[in-house]
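Chemist: The whole structure should be built from the sequences, with the hints applied where relevant.
Residue-level listing of the chains:
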Amino acid sequence: MNETVKNTLLFAVVGGLILLTGFMQSWNAALLILNMGLISAIMALGVNLQWGFAGLFNIGVMGFVALGGLAAVLVSMPPTSEAWAAGGTGIILGLLLGAATVAAAVILHKRMRPGAVRVMVLLAVVVIGFFVYRAVLDPSVAAIEKVDPATTGYLGGLGLPVVLAWPIGGLLAAGAAWLIGKTALGLRSDYLAIATLGIAEIIIAVLKNEDWLSRGVKNVVGIPRPLPYEIDLQNDPAFVERAAGLGMDPVMASTLYVKLGYAVLFLIVLVVLMWMAQKALHSPWGRMMRAIRDNEVAAEAMGKDVTRRHLQVFVLGSAICGIAGAMMTTLDGQLTPGSYQPLRFTFLVWVMVIVGGSGNNFGSVLGAMLIWFLWVQVEPMGVFLLELVTSGMSDGAFKSHLLESAAHMRLFTMGLVLILVLRFSPRGLIPEK
Amino acid sequence: MDFLNAIVALTNYVVIPAMSYGSQLALGALGVTLVYGILRFSNFAHGDTMAFGAMVTILVTWLMQSVGINLGPLPTALLALPFGILGCVALVLVTDRLVYRFYREQKAKPVILVIVSMGVMFIMNGLVRFIIGPDDQRFSDGARFIISARDFKSMTGLNEGLAIKTSQGLTVVTAVVVVAVLFWFLNRTRTGKSMRAYSDNEDLALLSGINPERVVVYTWLIVAALATVAGVLYGLDKSFKPFTYFQLLLPIFASAIVGGLGSPLGAIAGGFIIAFSEVTITYAWKKVAVYLLPERFEPDGLVQLLSTDYKLAVSFVILLIVLLFRPTGIFRGKAL
Chain A
66 MNETVKNTLL
76 FAVVGGLILL
86 TGFMQSWNAA
96 LLILNMGLIS
106 AIMALGVNLQ
116 WGFAGLFNIG
126 VMGFVALGGL
136 AAVLVSMPPT
146 SEAWAAGGTG
156 IILGLLLGAA
166 TVAAAVILHK
176 RMRPGAVRVM
186 VLLAVVVIGF
196 FVYRAVLDPS
206 VAAIEKVDPA
216 TTGYLGGLGL
226 PVVLAWPIGG
236 LLAAGAAWLI
246 GKTALGLRSD
256 YLAIATLGIA
266 EIIIAVLKNE
276 DWLSRGVKNV
286 VGIPRPLPYE
296 IDLQNDPAFV
306 ERAAGLGMDP
316 VMASTLYVKL
326 GYAVLFLIVL
336 VVLMWMAQKA
346 LHSPWGRMMR
356 AIRDNEVAAE
366 AMGKDVTRRH
376 LQVFVLGSAI
386 CGIAGAMMTT
396 LDGQLTPGSY
406 QPLRFTFLVW
416 VMVIVGGSGN
426 NFGSVLGAML
436 IWFLWVQVEP
446 MGVFLLELVT
456 SGMSDGAFKS
466 HLLESAAHMR
476 LFTMGLVLIL
486 VLRFSPRGLI
496 PEK
Chain B
16 MDFLNAIVAL
26 TNYVVIPAMS
36 YGSQLALGAL
46 GVTLVYGILR
56 FSNFAHGDTM
66 AFGAMVTILV
76 TWLMQSVGIN
86 LGPLPTALLA
96 LPFGILGCVA
106 LVLVTDRLVY
116 RFYREQKAKP
126 VILVIVSMGV
136 MFIMNGLVRF
146 IIGPDDQRFS
156 DGARFIISAR
166 DFKSMTGLNE
176 GLAIKTSQGL
186 TVVTAVVVVA
196 VLFWFLNRTR
206 TGKSMRAYSD
216 NEDLALLSGI
226 NPERVVVYTW
236 LIVAALATVA
246 GVLYGLDKSF
256 KPFTYFQLLL
266 PIFASAIVGG
276 LGSPLGAIAG
286 GFIIAFSEVT
296 ITYAWKKVAV
306 YLLPERFEPD
316 GLVQLLSTDY
326 KLAVSFVILL
336 IVLLFRPTGI
346 FRGKAL
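Protein sequence lines, in the order shown, are assigned to chains A and B.
Using the numbering used here, read the first sequence as starting at 66 and increasing by one per residue.
Using the numbering used here, read the second sequence as starting at 16 and increasing by one per residue.
There may be inaccurate statements among the hints.
[As the list claims (entries may be wrong)] Quick list of in silico lysine to aspartate or glutamate cross-link-like pairs, EDC-like style, CA-CA up to 20 angstroms:
#1 A/464 / B/228
#2 B/253 / B/111
#3 B/302 / B/111
#4 B/301 / A/203
#5 A/211 / A/301
#6 B/256 / A/469
#7 B/124 / A/359
#8 B/256 / B/150
#9 B/122 / A/359
#10 A/273 / A/359
#11 B/122 / B/111
#12 A/283 / A/213
#13 A/273 / B/218
#14 B/124 / A/497
#15 B/208 / B/218
#16 B/124 / A/203
#17 A/324 / A/359
#18 A/283 / B/218
Keep in mind that the hints were calculated from the coordinates and are not lab data.
Modeler: Set out below in structure tokens:
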């Protein structure tokens, strides 16, 4: 069996699993899996670019995904003009002062001679800068958060179409990645891992606490959609007529219509990114990346600027994760900073890439769809399994505990899948050529 | 008098919490550093190993509480601790046999082992949630305070109270004992010396007849014990919740790296540096300032540098500064 046939079969199996969900559970469930699977595939492409192409160990995926989500809010929500009037200038001034402090510290660090004097001056700049920044920012923040806290209490967005947020989410993530890469790249791989893990947690902490920016844990709900609302479709006589023509009731038809619409949008983005990633992989640039990954010293000896290439690929991969994050927030229609968890948004994506086959774009997409399917379906399967196991037992605390615990089977299963793949098929389902 | 009050307030809100948190971090970081020194990879499953050890201890504690065994003023968990350590030892030894040994024999790259440890992290996390559930669990009993704030006030006549929780006192004492035993073991016993030799230079250690598998087993024994002690102390002091143990990973790694990965002394120093900076930077200094400053200068705000939710950011920034300016850490890590 040659490779193409095998790979097509693998994709067909995953497609079949999703179809099976449609037949056995509901088409809504199947489309939900498909949509999140497509988004996960984009995240996996981003991680594959960093790890598969270049061997960069980034476990801060969650942070970039969350930044993409923030972009969806900042682009599409209507601006809160009162809040802008109350503290908009203060916020902008404060942020500029903060940035100026950091820039001044970096420039001083570069220009001054090393020694005790430099340390003292740097400390003075940072400390004074911090207090000035807080003094300017804090009153504005308080003023903004006082503006109708139940519904707004934040600056709001630009009120632009939400699809624009996707590329902007990518840009936002890319900007953050550039800053992080400038400082943390060049560290040893496990240090880079810890650094990115930390940054992701900090980004989430900022989203949770800076209410003026993202409403924090109060969440931003009702993000505008690129597609019509189900209720509007149901009230549209033309749509109801067409649904009836297909023999479906309008409620069902409208939910499926919207989900399918998302699936088409996501698929377009995925295909475009996939095409770019494939082009990159087979270009001289891609070969150079792999050369750097396989032997940094040799690549450097050939005159390749390893640090700059690393920075480049780190920014690109993070941007893709940011795009996926913006898409996900669009799909959810809300930004809930409390829901970002590293196990789900960082480590699960890693499982996808490794199971699919790191270094192979098709592998990453396949791994993402498969693992996402498992992630969703392991829970009902676990419940079913435990019901089977416990069916002979008498009712009691132990039995109900087992049944309640079924939900936690998914973490266990993901770990098991990861370890088994690493042990018995370390190159993944579709290995790198 | 004001000055004394300020000192008491500072001790109560900053020094004591930071001391106990620092001891917990130090114990955790020691485990990470030992794995790094001997097995040569960053163990991402360490937080969940701590959670597993603590979980076994909690289960045994509940069992003991239900049959009426207790330690009087001390928490019952101390009695259950050896069982927790045994459970944790069993878990890590099985994990090593089934998972890590294969890669050791293959001489796999450290980064592969890190990814493998991510898988182990998932499994352990799943196990813990499966057995005890994802919720908060309380298991401390015995006396709550060594000195309560009210007693302290009536004793000294100061305005400010000083409270020392049993768990805090216990944490510091246990940490001192554990660290002393560990250093005695590493420096004085044959096995400890062979571990240091193996960490220092694998080839030379092999040449002089040290059995690497034995060294690895001993390392896991110590790591499991340290992780369980750290996990139980943290659980007694705050509360047990599987997810918080996963989140401890960052400050623990920060402590180990700041001190110098592979250096036990560094791990302890790192733990206290991280803990003290976290607490001092997120503490609202108003109370202390009110006592020390003349009335005219009294601050209006809380005088808090960062809100407590940014604790993680503090350990992270320290980590980053150390990585950028002194990548080997304060104590020049790498070898035990």
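Chemist: Please go over all the hints and tell whether each is borne out by the structure.
Modeler: Hint check results:
1. Taking the CA atoms of residue 464 of chain A and residue 228 of chain B, the gap is about 41 angstroms. The hint is violated against a cut of 20 angstroms.
2. Taken as a hint, the residue 253 of chain B and residue 111 of chain B pair is broken in the structure, with Cα atoms around 30 angstroms apart against an allowance of 20 angstroms.
3. For the given pair, residue 302 of chain B sits about 50 angstroms from residue 111 of chain B by alpha-carbon distance, which is inconsistent with the 20 angstroms threshold.
4. For the hint pairing residue 301 of chain B with residue 203 of chain A, the CA-to-CA distance comes to about 17 angstroms; that is within 20 angstroms, so the pair holds.
5. Under the criterion of a C-alpha separation no larger than 20 angstroms, the hint pairing residue 211 of chain A with residue 301 of chain A is inconsistent with the structure, at around 40 angstroms.
6. At roughly 17 angstroms between alpha-carbon atoms, residue 256 of chain B and residue 469 of chain A fall within 20 angstroms of each other, so this suggested pair holds.
7. Restraint check: the Cα-Cα separation between residue 124 of chain B and residue 359 of chain A comes to about 12 angstroms, which is no more than 20 angstroms; the hinted pair holds.
8. Between residue 256 of chain B and residue 150 of chain B, the direct Cα distance comes to roughly 6 angstroms. Compliance with the 20 angstroms bound is thereby established for this hinted pair.
9. As the CA atoms of residue 122 of chain B and residue 359 of chain A are separated by approximately 17 angstroms, the hinted pair is consistent with the 20 angstroms bound.
10. Straight-line distance between C-alpha atoms of residue 273 of chain A and residue 359 of chain A comes to about 39 angstroms, which puts the hinted pair past the 20 angstroms bound.
11. Using a Cα cut-off of 20 angstroms, the hinted pair residue 122 of chain B and residue 111 of chain B holds, with the two alpha carbons roughly 15 angstroms apart.
12. At most 20 angstroms may separate the alpha-carbon atoms for a hinted pair to count; residue 283 of chain A and residue 213 of chain A meet this at roughly 13 angstroms.
13. Taken as a hint, the residue 273 of chain A and residue 218 of chain B pair is broken in the structure, with Cα atoms around 50 angstroms apart against an allowance of 20 angstroms.
14. This hinted pair checks out: residue 124 of chain B and residue 497 of chain A have alpha carbons roughly 18 angstroms apart, not beyond 20 angstroms.
15. Using a Cα cut-off of 20 angstroms, the hinted pair residue 208 of chain B and residue 218 of chain B holds, with the two alpha carbons roughly 15 angstroms apart.
16. Proposed proximity of residue 124 of chain B and residue 203 of chain A is contradicted: the alpha carbons are some 48 angstroms apart, above 20 angstroms.
17. Distance hint between residue 324 of chain A and residue 359 of chain A is unfulfilled; the C-alpha atoms sit about 42 angstroms from each other, more than 20 angstroms.
18. Pair hint residue 283 of chain A plus residue 218 of chain B does not hold up; C-alpha atoms about 57 angstroms apart against a cutoff of 20 angstroms.
Going through the hint list in order, the structure does not satisfy hints 1, 2, 3, 5, 10, 13, 16, 17, 18.
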